[in-house]
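Peer 1: Here is what each chain is made of, one letter per residue.
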Amino acid sequence: MSDNQRRILNLLAENKISVEEAERLLALTGQPTGSGVGVSDTVPTGKSKPKYIRVLVTPDTGVPENKAERVNVRVPLNIIRAGIKLRSLMPTEAANKVNEALRSKGIDLDVRNIKDEDIEQLISALSELEVDVQDGAQKVRVYVE
Amino acid sequence: MWPPLIMRLRIKNTNHNFGLWLPLFLVWPILLVLGIILGIILLPFLLIAAVIFWHLWWVRPLLFGMPVLFQLVCALRGLKVEIEQNSERFLVHFW
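The listed protein sequences derive, respectively, from chains A and B. Read in the working numbering, the first sequence has 102 at position 100, and its numbers run on one by one without any break. Read in the working numbering, the second sequence has 11 at position 30, and its numbers run on one by one without any break.
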């Protein structure tokens, strides 16, 4: 317990401040008022594991129906997990060629060293992905659910 | 993890209007039985061929790719692609 918090509690014990004022002061000093050790206000809790990547293309308002294009794609993220397992079957020569091509583009990555944990981290990070593009004719939305 | 049970396919354009509901839950058991029968019959030959041709680059993926292929097929559950443009429509959905 910090000195500030002890001082606030002493003031409360001496009836120099009310309970509400003490609670407000304690909150300002950073004392968590609720339970939940290790829970941060900035970390979203209870967020479910992402399952699909969605791509939605819808026509903007005012676009005539005969020119409207609609796309609705839902891809399960399990396909990424299963596809990564294919890397273990990739012949060495093919993997070397892929690595060379990536290096020529400035990406220093060895496709044979990608681990399942890396993919899980990538998928967890994708849960925050949201792309919204509007160009007057179409609205494009890419997100993870 | 199990494979998709139903596949829906719909293709509509000026020349065709085609819709299909495919009960994959009937197809998988048939494929499984056929695979088991073929596996039992061909297993000795496959093992001998694998030993002889092990140095070739395609043998290992062929032998060890089946479980990965199964996982990929199971991962198709939930895949939905729907495209509409003018009077043309395309839909494929696995669930």
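Hint data in this document are derived by calculation from the structure and do not stem from the laboratory. Do not take every clue at face value.
As the list claims (entries may be wrong) - As a list, the in silico DMTMM-like pairs of lysine to aspartate or glutamate whose alpha-carbon atoms are at most 20 angstroms apart:
1) B:61 - A:71
2) B:-7 - B:65
3) A:141 - B:63
What you are looking at is a predicted structure, and each value in this text was computed from that prediction instead of being measured.
Peer 1: Run every hint past the structure and note whether it holds.
Peer 2: Do the hints match the structure? See the list:
1. B:61 - A:71: 17 angstroms, holds
2. B:-7 - B:65: Distance ~9 angstroms between residue -7 of chain B and residue 65 of chain B Cα, so the pair holds.
3. A:141 - B:63: 16 angstroms, holds
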